[in-house]
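Could you put the whole structure together from the sequences, leaning on the hints where they help?
Protein chains in written order, with our numbering: chain A, 1 to 349; chain V, 1 to 263.
Incorrect hints may have been included.
To be verified - Mimicking DSS-like on lysine-lysine, the simulated pairs with C-alpha atoms at most 30 Å apart in a straight line are:
| no. | chain 1 | residue 1 | chain 2 | residue 2 |
| --- | --- | --- | --- | --- |
| 1 | V | K50 | A | K213 |
| 2 | A | K213 | V | K124 |
| 3 | A | K213 | A | K135 |
| 4 | V | K50 | A | K135 |
| 5 | V | K110 | A | K213 |
| 6 | V | K124 | V | K181 |
| 7 | A | K269 | A | K161 |
| 8 | V | K81 | V | K188 |
| 9 | A | K161 | A | K175 |
| 10 | V | K188 | V | K124 |
| 11 | V | K188 | V | K231 |
| 12 | V | K23 | V | K231 |
Think of the hints as simulated: they come from the structure by calculation, not from any bench. Note that the structure is a prediction, hence the values are computed from the model and not measured.
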Amino acid sequence: MATETAAHTQHDERLVSVGPLTRLLSRPDIGAFLGAIAVFFAFGYFARGVNWLGDPAIAAGWTDQAAQYGIVAVPVALLMIGGEFDLSAGVMIGSSGLLLGYLATHAHMNIWPAILLVLLFGLAIGFVNGLTVVKTRLPSFIVTLATFFVLQGVNAAGTLKLTGTTAIDDIDSAKGFTSARHIFASDLTHWSFKVKVLWWIGLTLVGAWLLAKSRFGNWIYSAGGDPNAARNVGVPVARTKITLFMMTSGTAALMGVIEALELRSMQSKEGIGLEFIFIICAVVGGCLLTGGYGSVIGTLFGAAMLGMVQLGIVDAQWDSNWTYTFQGAILFAAVVLNLFVRNRAQKVK
Amino acid sequence: MTTTHLLEADAITKYYGNIVALKGISTYVNAGEVTCILGDNGAGKSSFIKILSGVHQADDGSLLVDGEAVAFTSPRDARAKGIATVYQDLAMVPLMSVWRNFFLGAEPRKGLGPLQWVDAAKAKSIVRRELGEMGIDIRDPDQPVGTLSGGERQSVAIARAVYFGARVLILDEPTSALGVKQAGVVLKYVLQARDRGVAVIFITHNPHHAYPVGDRFVILNRGTSLGSYEKSQIDLEELTRLMAGGRELAELQHELAAIRAEI
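And the structure:
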């Protein structure tokens with residue numbers, strides 16, 4: 001504190017008093033937090049046909065949807081802060097669920113080793129994505145778009161060849177299914193909150209801890225903020241980025257496992273389109289498209305907001321096609337807000 | 001060799017293809033001294049510091065650290081010998097906080113076994129102490145580097161290099177983009193680093209910035225050295241004259257006078 005006092009006497013012309021409110025408002029996740037609260041109460045007003053604000057079953061519904069988005073959005077947010085995108089994160093859910101279905105119903109494996117193999121498959125795809133981006137220096141947008149389309153074709157053609165239909169069914173015939181479903185896809189209480197919600201919150205806490213407290217988190221910020229500067233001071237930028245891609249694909253694989261166990265079957269088109277939802281969650285949560293800045297906690301509120309919109313529009317008895325319009329409007333509002341926040345953060349005082 | 005210096009360059013020569021970028025440049029620096037490298041744009045200042053910091057390798061001549069010849073193949077080699085370079089672009093991430101930048105790539109950690117986390121409290125208190133010792137007034141180690149002024153950023157970069165054990169600090173035009181007042185602030189930190197026993201190599205094109213802090217001045221012009229002067233051998237006026245190209249400037253003035261006479 002002594003040095004700060006000295007500062008006052010030496011350079012008063014530069015000192016701007018920063019109040020606690022200004023400090024709070026310049027957090028990256030504050031927009032998503034306030035937005036989620038606003039959306040919650042807005043549907044409390046519009047969805048008057050149901051007890052939106054007080055009914056736990058309603059909350060179980062939208063948290064289920066939010067967890068669907070929020071689990072994979074955690075590593076997607078970290079990846080964006082690290083300066084990269086992964087457009088294959090959606091289709092990976094389908095690929096992983098289908099692989100689990102294949103291993104369980106056609107290779108007749110016990111579900112537990114099958115789950116392990118699927119998670120390894122996810123990590124491997126992430127490694128390939130990351131290595132390609134780092135080695136070719138191509139934009140990750142293009143590299144993962146290619147992965148997206150390759151996997152989409154494999155999912156559709158593979159499933160058709162295997163089953164003659166567009167889905168793999170009877171995943172619950174595998175040994176160990178009941179115990180696995182209990183861990184990944186069961187209901188928590190008689191209000192039917194999903195265990196998935198715990199996975200969502202748990203992964204968010206792990207992601208937030210990594211970003212704020214670990215050395216790896218420091219490296220993520222620097223890899224996205226200024227990779228050259230980071231390399232100059234000895235940060236292994238390539239390793240950091242590859243790890244982030246592996247975390248993203250690996251978590252998408254976990255989501256595929258959760259869905260396959262929950263639905264007991266897997267559609268070949270599963271997950272396609274979700275890649276953009278994950279990115280919207282991260283952007284709403286305060287992540288900059290240019291990298292170097294963002295919040296995992298904010299991403300949780302972003303996912304919550306999108307989950308509420310999805311279910312709220314139905315409960316308000318509006319045409320569910322409006323969901324897309326809402327998602328677009330939320331994204332736009334978030335980007336404008338982020339621009340404002342970033343300009344504040346970079347402003348020379 | 002009669003005396004050994006902390007860092008010495010002996011007849012450094014560098015070619016880029018058939019262009020002679022540097023020809024026979026020699027100088028040295030000792031602990032607690034400031035050697036200034038002066039020169040206009042294109043004089044070879046950047047090439048020279050890139051050789052000193054291990055980015056490029058000299059085609060001829062030798063580098064000596066503590067009197068022993070060294071061959072740097074990368075900036076990492078130079079850093080291992082305690083030679084730290086603060087570039088104009090500063091190796092700082094604007095959106096990250098001061099303390100995260102200060103320790104980037106060398107984070108202090110604590111924890112149990114594989115579960116390790118960054119000791120933020122320790123990092124912040126070190127940042128406050130180190131910057132305080134150099135008289136740098138960072139209000140809050142949590143503020144993003146992007147909100148600091150140019151002079152403050154330079155100062156943080158210098159403090160970081162000193163903290164991480166730099167014996168030789170190479171500063172690449174630290175004052176060139178700054179206003180008068182900010183440049184003065186940075187010059188003060190250059191002297192503070194010197195007083196802590198660091199050898200400083202200060203690259204600049206401004207003799208008014210170099211003269212007050214330097215112990216020794218090397219003037220480069222089109223890749224050759226116009227001489228190395230101790231402070232006692234040269235005054236600011238002469239330094240400025242040499243810097244500005246001396247005879248060339250006189251000729252130019254002569255020509256301009258002639259043109260004016262014709263009009």
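Next item on the list: Hints the structure violates: just list their numbers, smallest first.
Entry: Number 1 - this is the single hint that the structure violates.
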